[in-house]
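There are 2 protein chains.
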Amino acid sequence: MRTTKITLTEQEMPTSWYNIQPDLPEPLPTVLNPATCKPVTPGDLKAIFPMTLIEQEMSQERYIEIPDEVQDIYRMWRPTPLHRAYQLEKALGTPAKIFYKYEGVSPAGSHKSNTAIAQAYYNKKAGIKRLATETGAGQWGSALSLGCCLMGLECKVYMVRASYEQKPYRRIMMETWGATCIPSPSKETNSGRAVLAQDPDSPGSLGIAISEAVEDAAGRDDTNYSLGSVLNHVMLHQTVIGQEAIKQMEKADAYPDIIIGCVGGGSNFAGLFLPFMPDKLKGKGMRIICCEPKACPTMTKGPYTYDYGDVAGLTPLMKMYTLGHSFVPPRIHAGGLRYHGMAPIVSHLHHLGLIESMSIHQTPAYEGALKFARTEGIIPAPEPAHAIKVVIDEALACKESGEAKTILLALSGHGHFDLSAYNEFLSGNLQDYEYPQEKILKSLAALPKVT
Amino acid sequence: MRTTKITLTEQEMPTSWYNIQPDLPEPLPTVLNPATCKPVTPGDLKAIFPMTLIEQEMSQERYIEIPDEVQDIYRMWRPTPLHRAYQLEKALGTPAKIFYKYEGVSPAGSHKSNTAIAQAYYNKKAGIKRLATETGAGQWGSALSLGCCLMGLECKVYMVRASYEQKPYRRIMMETWGATCIPSPSKETNSGRAVLAQDPDSPGSLGIAISEAVEDAAGRDDTNYSLGSVLNHVMLHQTVIGQEAIKQMEKADAYPDIIIGCVGGGSNFAGLFLPFMPDKLKGKGMRIICCEPKACPTMTKGPYTYDYGDVAGLTPLMKMYTLGHSFVPPRIHAGGLRYHGMAPIVSHLHHLGLIESMSIHQTPAYEGALKFARTEGIIPAPEPAHAIKVVIDEALACKESGEAKTILLALSGHGHFDLSAYNEFLSGNLQDYEYPQEKILKSLAALPKVT
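Those protein sequences? They're chains A and B, same order as listed.
Here the first sequence is numbered in this note's numbering, starting from 94 and rising by one per residue.
Here the second sequence is numbered in this note's numbering, starting from 94 and rising by one per residue.
Hints are not guaranteed to be accurate.
Each pair may be met inside one copy or between any two copies, as identical chains are not told apart.
[Claimed, not checked] Dumping the calculated SDA-like pairs for lysine to any residue here, alpha-carbon to alpha-carbon at most 20 Å:
1) LYS340 / GLU103
2) LYS131 / GLY376
3) LYS222 / ILE382
4) LYS98 / LYS492
5) LYS183 / GLU162
6) LYS344 / LEU101
7) LYS492 / GLU103
8) LYS190 / SER520
9) LYS377 / ASP315
10) LYS532 / ASP350
11) LYS377 / ALA287
12) LYS98 / ARG168
13) LYS222 / LEU519
14) LYS217 / ASP314
15) LYS344 / MET106
16) LYS492 / MET379
17) LYS183 / LYS217
18) LYS139 / ALA287
19) LYS464 / GLY271
20) LYS535 / GLY186
21) LYS98 / ILE159
22) LYS98 / ASP165
23) LYS344 / GLU103
24) LYS131 / ASP116
25) LYS394 / LYS498
By construction, these hints were calculated from the structure, which means they are not laboratory data.
The model shown is predicted, which means the values in this text are computed figures rather than measured ones.
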């Protein structure tokens, strides 16, 4: 009997997160205070983050223990399955072995819950009563709503308007878990009002929504801010994915030649590939491919430079690939990939040449997703659809060359709330957005000057 | 470390289905040909079913082997997890131990895939190219679309109009898997046109949609009909649920005092409890509670008598609890529970006093579902929400009495496509429907005369 899913018992779930920082060949560039351009201090961050997360952000410890209470919640859906994509392989006629690590089994439907639970936990421990956050596609907002609900915190979500309108079910899901969700830009913050004054019909962006949530958190003592990607501690929490995948690949007696995932802020894919990085640094020749949308090609087209994480310039300055913090990406369905920047850790590894990047249009991404759904059953979210397209291309290249490569895909979540996009695709009405060169040049011209 | 999910390996998945028929204390009443009122013969059924399924319908074999190709597909999501509901128990402050067997991990989101894959397989083996079916809430239509897609068959789904309008995402899901889905009553069949002539705004019912699908299948040589519940072979295929649950409860060192599930046609709950029935017949005192909506109280209010499975009287006459085949239930959100009849096997066991029934309004069902979502994370479908309400009541009774009973819940699927109903509930706009006595008396008056 062939094994389709490689499962782990709850006893095999990792009990620590893996921190890449001590293993980096060069340390991460310094993060700067946006007001002074001096290195940011823990004190600069404590208005919006609990001290434990600030420590994790800067930690040089290789392993950080996962608190028991967080492990208890993780076990509601973790360890997540690793699947062998036999049906897809057969349909492609490829000798390649395709595996996918599926995070869609969490109640919120994606990998985001891994950090949401941890962040809600540490904030509760610090005496915080309420978290404010942004969400793009709604995956992160849902996950934090769940995390806050399970930890007994209030939750306020600023949801990028383009997604808020496309995905009403995501709002209801957040409300089902007791959160409040409003479209961003909103009239409730200075940042939101400033954008609306310039463009009353603004579709919003993650950069704008982050500004709103940070402003909300900074203005209230009982409230902290929570970010669903980009930051080091978020990458850290996601490493449960890759640690499990390593054990599962071992059980399948396999090792990846290529690891492929989508990147918006970078946390889902980093969560999968970071635990493999020590092998790569020791000389294992695997390729690691980051897939991003052509409409928001941060790593494939952007410079590696200091920028803000949000549109209003409230966050620290981080060195990263960026299209400029004022860039508002076109309304592609993969809301989670509509971000101007990229996690400093992912950017750093890319800059060092340890990982690659590619950009993909959404129509071929949906073609890949449809093939996946019709063979593997699972209907993927639009974000990993971009990675699936690249997996299929690599598998077809193997068919051409006769190589039986082992491919590992980060399948970050399901597309149950993205079916209107499938409807558009199936009815032939899905459009692609060309590389928005002029808008990007304009936003790059507005990059902060860091000396 | 406490264990939250009791998982099984793929090697522990059952390789046979369990057939209750040889273990019944009295045989099932004879099924009758609707035209002659004589016992139905295999030949009567072969216009719309493949012979293997007809044989399973009448089989007296205790175990029927699951074909390898069906097992291969099952392993895409099976074995499904058994969860211990620690967070719900804690929130209720009950000494009861609550377990739930969760079928929502299938790509189509419910238990329905267990029989969909098997039915598509046997039809393919019989040379059939296309299946026609009905769907209520969309769970069954989605599952059969997936089954047909994976087996390479065409699929036509007649979807009850009330649900078709409430749940557009379900239609898109079916189309993503390549099926065609239209609202029922439709103008494409005589049965549909007859209903529309009487009531152009008919919300439809499972009984009407079944008539349309049976008529479609009977009229084309390349097409068979596929039913998602009620029939013996459907109950049979669902017994993988209960067989897994028995092994999982053993691993948890527990045994259920009460098993609770929702019943529409009866297959999800039968799938869970039938494999426990031999213990019950040997004298184990466990209670088995079937939960149905007050708006469609088949077992709690209907007579046990011969009736058709569909509104047009095309199906065989089966002895079952029924509200009359012409009864159109109110538009409750639990579309899967809007059925006038009940599986003959479930009806028979109820008539013999081996299982109980209760009816529940949808508002308290959603109250229970919300408590479940806010403690266990998973957002339940409206159908099992009815069972969750009864689980909570039983757990609170344990709190009162101090008894630490073990409760096992059939959590048949998730509510990702039912969030508009949660929205209605959260905004205080959900209404209950009183027992529709007059309509039921009228439809009972139209029961067929069987001598």
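For LYS492 and GLU103, with the copy left unspecified, which applies at a CA distance of at most 20 Å: within, between, both, or neither? neither (37 Å within a copy, 29 Å between copies)
Please sort LYS532 with ASP350 into within, between, both or neither, judging by C-alpha distance up to 20 Å. neither (37 Å within a copy, 65 Å between copies)
Classify it for me, LYS464 with GLY271: is the Cα-Cα distance of at most 20 Å met within a copy, between copies, both or neither? Answer is between: at 11 Å across copies they meet the 20 Å cutoff, but 36 Å inside does not.
Evaluate LYS139 and ALA287 at a C-alpha cut-off of 20 Å and name the case that applies: within, between, both or neither. Close neither inside one copy (26 Å) nor across copies (70 Å); limit 20 Å.
Treating 20 Å as the Cα threshold, decide for LYS183 and GLU162: within, between, both or neither. Cα proximity of LYS183 and GLU162: across copies only (14 Å, versus 42 Å in one copy).
Please work out whether the CA atoms of LYS535 and GLY186 approach to 20 Å or closer within one copy, between two copies, in both situations, or in neither? neither (46 Å within a copy, 59 Å between copies)
Is it within a copy, between copies, both, or neither that the alpha carbon of LYS344 lies no farther than 20 Å from that of GLU103? both (15 Å within a copy, 13 Å between copies)
Could you figure out if LYS98 and LYS492 sit no more than 20 Å apart (CA to CA) within one copy, between two copies, both or neither? This pair counts as neither: shortest intra-copy Cα distance 24 Å, inter-copy 40 Å.
Within, between, both or neither: how does the pair LYS98, ARG168 come out at a Cα-Cα threshold of 20 Å? For LYS98 and ARG168, both the intra-copy (18 Å) and inter-copy (7 Å) Cα distances are at most 20 Å.
Homo-oligomer pair classification [ILE159, LYS98; C-alpha up to 20 Å]: between (25 Å within a copy, 19 Å between copies)
Alpha-carbon proximity between LYS190 and SER520, which holds within one copy, between copies, both or neither at 20 Å: The answer is neither: 32 Å in one copy and 49 Å across copies each exceed 20 Å.
How do LYS394 and LYS498 come out at 20 Å by Cα distance, when the copy is not named: within, between, both, or neither? neither (29 Å within a copy, 62 Å between copies)
Of the numbered hints stated above, those contradicted by the structure are hints 2, 3, 4, 7, 8, 9, 10, 11, 13, 18, 20, 24, 25, listed in ascending order.
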